[in-house]
Amino acid sequence: MRVLLCFLLLSVCLATGQTAPEYRWSRQQVGDSAELLTLFHRGDRDVPLLSVLRDTLADHDPANDRIMYVWLLTYSKLTLPQRMLAAVPFFYWRVSKGSIASAKEPKPLLNMVAPTYPVFSDAARTILQWTLLDPMTTPIRASSRAYRTNEVDHERLHLEEAIGYLRRAPVDVPGALTSAELHTVAARLELRKRMLGGFVSQTRAEKIGEQQAYEEERVRARNWELLRQCAEKTGLIFEPLDLGQPTADYGMLWFDPDAPRPTNPATIAPVWKLLSLRNPWTDERLPKWKGFTADRRFDEAGRLLPADAAEGQTRRLIPLGIYSLLYPKVPLLMVDFRDARHVRNHEMAQRTINEITAGVIGISHFTNWYYYAGADLYDFVASRHGRAMVQTSRLECYSRFRVALMLDSSLAPDLRSDIQKRVNALAVNPLEASPEREFEAAQQRYEHLTEDAADGFLLGRVQKARRAEVADFGRSNGALAWDGFVHLVTFGKYTRRAPSATFATLDRNRRSIAGPITEVAAGAP
Amino acid sequence: MRGIGRAGAHCALTCLLLLASMAANAAEPVRLLVFEIDGLNADLLYQNMDAGNLPSFERIFRENGTVFENFYTRGISLSAPSWSILDTGHHAIIRGNVEYDRYTGHVYDYLNFFPFYLGNARQRAADMPGAEVLDRAGIPLVIDQFGPEHTYQSFQLFQRGVRWTTLERVLKDRFSKKSFISMLEDGGAPPLNQLWARETEVDVGRALQNPAITYIDFYTGDMDHEGHATSQPEALFAELKRLDGLAGRLWKAVQDSGSADRTVFIVVSDHGMNNVAGIISQAFSIPDLLASAEGGGHHVITNRHELSDFKLKGLDPMVHRVINASANSYYLAGQESEYPTAWVDVDGNERASIHLRNNDLNQIHILLQQLARKELAPNVRRAAAIYLSEVIDRHRSGWATIADQLEEELKAEGAVIDREKQETAAIPKKHFSKPSSGEDQQRIRLVQELEDRERERNEYEAYIGRLRALLTFEPDRLRPFTRKISDLVPELSLGDNNSVYDLQNYIVGPAAGGLVLDGSGRLDVQRSFRFVDYFRLLAAQRVRNNPQPALSSKPVDFSITALPSESGQAYWIYDDADNQLLETVDSQGRISVHPVCELREDRDGTVHSTPQPWRAGLPLHLFEDPALDTAGVDRAEWLSQPHTEREWYAAVHRTAYSNAVIGITEQFGPLRIGNVPGVLGRYELRKRQLVQPDIQVFAADHWNFNVRNFNPGGNHGAFFRISTHSVWMLAGAGVKKADVTVPCDSLNFTSTILSIAGKQVPMPDRVMTIPSGP
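Residue numbers (the working numbering), protein chains in the order written: chain X, 1 to 525; chain G, 526 to 1299.
To be clear, the hints were calculated from the coordinates, so they are not data collected in a lab. A few of these clues could be false.
Stated by the list, open to error - Label pairs and their computed distance ranges (CB to CB): (1) TYR378/X to VAL1041/G: 52 to 58 Å; (2) ASP1264/G to ALA63/X: 34 to 40 Å; (3) PRO1151/G to GLU447/X: 56 to 62 Å; (4) ASP1264/G to SER476/X: 29 to 35 Å.
Every residue gets a Cβ at the ideal spot worked out from N, C-alpha and C, and that includes glycine.
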């Protein structure tokens, strides 16, 4: 049935003349009962981005398949100098390009069979910080907090990167993830950022993943329209940017010096705040602008035509800013062409405040709750006025933008290079690697992984994971929490596993989790 | 109409047969379970049903029930007007999601639940504003025919009373331990609307178990919200699947209730939604246009804050009137609180209604300002004073009549107020913290009505006071005017509607050079004032930032306004100077549509226009629409003839603008109130007439006028088929499997279901045939 569906979808794609998608999956068999699926970005040389290990139980029925591990192939191993610099408070620079791939099997980004384990390791680190490190001297508190913040941000950066790839990946075609699998994996990656996210059940995870995908599209469409309206009110020109992706996740604002000025400067003042831009109509530098400009064409109705348009009236435009449309509330300024340090300074300022209050002064959420209540109130008011106050969401937008830009081939090379330089300046985490190095190393990691798949190493992992899955089946969250605790205190040496895991048992368990009875079927007459 | 009458009689007979058949099956009365889905597009639903994606809907209705394939919103495809027809079976007297009383500035905000809930908790409001308006106009709701003890009504726009117990359970769920853990796990507790739906489902299940309850409805706005937020097919389908599951469970509850043989399960939606995958709906701001210099520099009233998500004031749930000051006003700078001169209802997405202050009130205001200037030249002062007297004289008879009639009406209203005061005084001051019983609600209703009547009396008396003052005003030709302008020109009031002449020659301020005299020493009106032709202005709008090739750069499709007509009704549909339609309805109810150009109205009301042949490019695009079905008759010939409503329906309902020709007559036609006798009836009719806008503007495809926030998904409000094509299906209690393809609309729906229930039918000739039998 699945093959038939895939064939039909493929036929429709071919019939409608759609161009080949930017991403493709490759499949490699792991033993006779699992497969390694790798997502590639197409280009002059295809880049492997992400791999997932799917346990198929040696049959062709997708109903009992399960994704077990996820590898982000661009995820660099941290070097010692990187780690040391990450512990230096107020150090906001990326100094290393990142490590090259080691000969070892890359570490999975996510273990889908035991999603609760990271909950305990995170909790332990937090407790350690509060109880042991925070009461110590200021240098220890400040450096330990700085390290922890950088580490968490670094992980979040890559979790979001993986989610971004998955959201663009083809689904429900031969050799690809099904949409249900994709939603579940994306949700697990997202839930990894939540305090108790690991305890969310598999069926709920799929729904959460589905809802997140819809929400992302709602946010994108809303920001797209907000940015367009702001451009219209302020006399600027809005151009959606897809950066080679299926949807325009970014927007560019251009300034046409010869266009009529907006006639209502007083009423559009709040719009500049929303855009985080200074009014270009009163900017004395723009008439003498020496930066990048583009000669673009417009149709008779004044509509900006694509960059490769051959006809239409030509005007010289100055780029003002690039926005991510994925930030939950407003379009997020990623690049300010008139002020290279604008976005970076804003990011650094917020980090500095956090480090001073929590790291240096040692303000605590428990004893100094009123400070945090006040800070939250300030953030709320500022966000009601259109400021992007959520640092984690900003980081996620940055994560998507840096790789999208790296993979893009749609922008003019000189513009792309200009943007790339500005985006590189946004890296404030010493743990971060350069995207160029990450993509270089991804190929090597992919090769290591395929070797492991071929020599049976991965199959060994799968078999262990199956035993753990059988052992966990039907256990309550409390029991799982206890297992997680024991796993933690034994430094990962103890993992609860069943003595054996037959395909029949796994098949029965997985089918019962998926549940054949849906609300619709139950309610049908 | 005659055709409809005959067909209607046949249909009524069929319904009687159905009723008899049901009565034979069960001695107890027929029970209606109505699943009301806001914003569900019929094509979206039916296509997914046919594809087998919605098993419950398919099995209940497609395989075992009756589906009305061509059911349309009557009038504009907007929630408040549409539900007002569906919930009453009467022609629309509510014609927008928000309406403004032009004399008093009172805002009828039909969509805002918060003031109602707060009012109900404070024992000051028993009904949603829409239900109040219908009550005062003597138009009963469908549920009124069943009585409160036989009704379960869920939360909705035309709601009576609040089910506090349901709300209490929803809040308990929202703040339960389970929700808290869910927040820690995945960062989000179940949204309120889901909890609300779950609790309402529980209530409906209980109501079905109660044999005394014969009318149950279940309203959901989730599809509408999702459709506005996104056009992503997967997201819309996920919402459809949820509704399908809910329909399945409701049907099962009917089967388990023990009264399945006498329960008719009905699904209805109030309008469709213009969702097209891959298209983002773009907004055009009419308030910004009206506030701009070219738009007249109006201070603009809206019912919500513009971009309210980015304002702290946007958090105010009680907001119903927002004044947007213009920095471009030509004569009212800084007076936005007293004299906002444009009131806009943009809460309709694909359509907006515009009220502008009466053109002659503008003239009077400007002239009084000029006359107050000490440095005004004596000859100019004299000419201005003479002209001001002429302006007042033009209205003398009309204003006197209005003042006299309104005073008479307020006197009758005073008698009602006295009676209600006595009744409310007799109510024991008992404390009822959660008004839940019908008796409690009736008490609150009386208190609320009394308050409303007293407020109205005070506000209209204030307006009459200004009219009388203007009628007795004699401008001084020699000395500066020293009185307060607000003694003569009412604040926060627009006065009477503008004529087409006014709107084509609308005065927005004095001319740059001030008042100018002509050769004979009289005021040169053309050179003394700034004018705007609003039809041309709206048509001339172009948007530069329009990145989607599928969208026109012209955001306004057309505007419509009613014209004076001795023979019946006349409506002008204006695309631009060359592309216009004139729609008329004769005394027999036959509708004609004529292409015209360069239509203009003289000050005396005479309308001039140049007829055109039928061709492509006219508003509504009927001539070139491949779906126009003239039954083989030449298109131009068919379109040039008058036709009955039913004939028009058959010809146009599949076109891009579906039933626009009929919808225009509903939206702009004469108002018909219910059974309110005598002077009070005239008063209620007047109040409804006072909320009618000057112009209604319709957005081009995939454009919208929402300024509050964003509706990047789909929108509705216009006459596009995708926005008007709605859902009507029914099953159970002997209803047979059938696909009804005869086009019908909201008026047919209500009369038909009331007929099935054996209740009084508001329009017997609108009852549709429901196949039934063993």
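Now the hints, each set against the structure:
1. TYR378/X to VAL1041/G: 52 to 58 Å: holds (56 Å)
2. ASP1264/G to ALA63/X: 34 to 40 Å: Holds, at about 35 Å.
3. PRO1151/G to GLU447/X: 56 to 62 Å: holds (58 Å)
4. ASP1264/G to SER476/X: 29 to 35 Å: violated (51 Å)
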